[in-house]
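Chains as they are written, first to last, in our numbering: chain A, 1 to 94; chain B, 1001 to 1487.
Possibly wrong hints are sitting among the right ones.
Quick list of the computed label-pair ranges, beta carbon to beta carbon [stated by the list, open to error]: (1) B/Ser1483 <-> A/Asp3: 52 to 58 Å; (2) B/Ser1483 <-> A/Ser31: 52 to 58 Å; (3) B/Pro1245 <-> A/Glu21: 16 to 22 Å; (4) A/Ile23 <-> B/Gly1479: 26 to 32 Å.
Covered stretches of chain A, going by a simulated chain B footprint (3 or more residues, C-beta under 8 Å) [what the hints assert, rightly or not]: (5) 17-24; (6) 35-41; (7) 63-69.
Derived from the structure by calculation, the hints contain no laboratory data. Only a predicted model underlies this, so the values are computations on that prediction, with no experimental measurement involved. Ideal placement from N, C-alpha and C gives every residue a C-beta, glycine not left out.
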Amino acid sequence: MIDRDEVLHVARLARLQLGEEEIEPLARELSAILDHVAHIGELDLEGVAPTSHVVEMTGSLRPDEPRECLPREVALAQAPAVSGAGFSVPSPQA
Amino acid sequence: MSPTEIIDLSAAQAVRAIAAGELSAAELFDAYRARAADDKLNCFTWVAPEGSGGAGPSEHAQSDAPVADAPLAGVPLAVKDLFCTEGVPSQSGSRILEGYEPPYTATAVSRLEAAGASLLSKTNQDEFAMGSSNENSAFGPVLNPWDRTRVPGGSSGGSAAAVAAGLAPWALGTDTGGSIRQPAALCGIVGLKPTYGSVSRYGMIAFASSLDQAGPLTRDVTDAALLLRHMVGHDPCDATSLRFPHEIELPRAERMDGIRLGVPAELTGAEGIEPGVLQAFHAALDRAAQLGAEIVRDLSLPHAPHALSAYYVLAPAEASSNLARFDGVRYGLRAEAAKDLLDMYERTRHDGFGPEVKRRIMLGTYALSAGYYDAYYGRAQRVRTKIAEDFSTAFEAVDFIVTPTAPTVAFELGEKTSDPLAMYLNDYCTVPMSLAGIPAISIPCGLHDGLPVGLQIAGRAFSENALLDAAYALERALGFDGSPARA
């Protein structure tokens, strides 16, 4: 069971502010979903390797060569706030 | 040709008509653009402006190449919102990306454009592809053209409804746990999820990277093959993309002699599959048997009943990580008047994400958090291995596995929105194939209560050509009529 404090803790980890009206429904819904998915706890998975990639493939490395990238003004064009040559954000400590 | 005659052409027929000079690419584009602009189903988040497309067939269309090998010159394409298209809004159905115009185009789209397809529209979808009804879109729900009080399925609901309603000849979608196949089933069209890795994910706004695959939503199996042919292949921009081992052929099979179709008990006898759906499914298998297929009814996929649980750990876990990028810094929405950086992140995400996306971010963050990782994510990855092994074992005994695509026909708008688990059960039959990374196609196999039922056929990795052939033979024998949805 997920309680209110746990919801708020996870929301903080996820960088997600929740409205007061969102907290109780989330606690209830997450509890119901986790109850359901907890059925995988019943399986004997001793010695089973976790899936890393579903289709067999070996490492796909490429030479580390410099290439063109997006021009700075294009990269900045969609930003909510720009300062000089970079993205602008509020101070980490107000 | 009259606009009605033009709309009645499949995409492959339209390519042929253009190559034969019976139709111009501009006429075709304009006919669809006019219909798309008049859309009453809320299929689109963007439609090409008048006079913008179908300028004429590319030079390849006039080459001596056989008609079946001709490129897609001029045939318009609807593209799910989450594919980045340069200079065209690409919002993944989310408020947090409202108005976002990417600086580059997704590889799957640019390949199709290079083959001559022209961008007709961007299609509505569940926010970040999370949903099975299209009701999670920030831009409103899509209506099912068979019955406008019902959902089209999701998350590629706009793509499916647009193709079914004749508002686009064909469309691109993406499938993470069923998001191409289920809406295709609910709208009475064809939807194919290719083998994981066969189509580049570069430029797709990510949901769950180990599962997301782009694929076609089309009026028939031939169109699915034609579109897929120009999508597959390795892309240096996506390290998980693979060189497809052979060219995608247009299907030609008329019979299914010697083909073994396995009916897994776990996915066809489950509670919650509507009797009318099962009836249409079994009637389709009878047709397959008449075509020479051998129906293997005692097949088992023992771990399939756990696929949904594993999926609803893995997909939200990956999503919680992928969606961390939406923080109000580089693009999209930013909440105003934040008191510091952390506050800006938290408020932006509060304002920008809808309820289902928040739910999955919370679920995924929880499953990956300290103390729970092994119990949830670690276990789910092991279950995934068992599911893939089940399929490998099954494919020693059969060529394809068949199930209903979705447990029900299209349901009423609002019917399942208050119960997330009930909504998730839509994916019961499609999620196992996603976890195993294998290709699966949904074709319409009949009606129940006047609404389409989808048949899912799944095969081994990279068996797309054989899969398309089998689906094609069965499609011809079933003779499903999708025209009511275009009325």
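Can you give the numbers of the hints that this structure goes against, from lowest to highest? 2, 3, 4, 7
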